[in-house]
Amino acid sequence: MMKPVREIPASLCVIAALAVLATSSAAVSSTRSKAEKNGTPVAFVMPDEATPAELGDAGAEIVVANCATCHSLEYITTQPRGMGPKFWQDSVAKMVKVYSAPIEPVDADAIAATLAKRFG
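Positions -26 to -1, 1 to 94 (mature numbering (1 follows the signal peptide of the UniProt record, and there is no 0)) are the ones given, in order, by the sequence shown.
Careful, some of the hints might be misleading.
[What the hints assert, rightly or not] Capping the alpha-carbon separation at 25 Å, the derived lysine-lysine pairs in BS3-like fashion look like this:
1. Lys91 to Lys68
2. Lys60 to Lys91
3. Lys60 to Lys71
4. Lys71 to Lys91
Calculated directly from the structure, the hints in this document are not laboratory data.
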């Protein structure tokens, strides 16, 4: 026969929860750097991105110049292959319409054509 479960008063649950929060807050505080604690801005230096081989020649300059301003070039090279020109036209149009990429219509057409040629 099982023993009945003893109920824990709500006030004890609140005290336990506050203790957990205080402990986790102290742990987070101790991991902050001295600069962060003093309000000094923290700077991060990101490594330079290498241009993927598929986009490394002069024919892909329009892609590199326009697309890398918003996202990595790896983002392009990891897209599904063989999807056809419509896929790339729609992808570039989405970047312009949804994400407000600053690409002129004539450049958008050239980018889509280049990507369709290289990635299918």
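So, going through the hints one by one against the coordinates:
For a cut-off of 25 Å, the pair hint linking Lys91 to Lys68 stands: about 19 Å separates their Cα positions. Proposed proximity of Lys60 and Lys91 is supported: the alpha carbons are some 12 Å apart, at most 25 Å. For the suggested pair Lys60 and Lys71, the alpha carbons sit about 16 Å apart, so the restraint of at most 25 Å is met. The suggested pairing of Lys71 with Lys91 holds, with an alpha-carbon distance near 23 Å, which does not exceed 25 Å.
The structure is consistent with each of the numbered hints, conforming to all of them.
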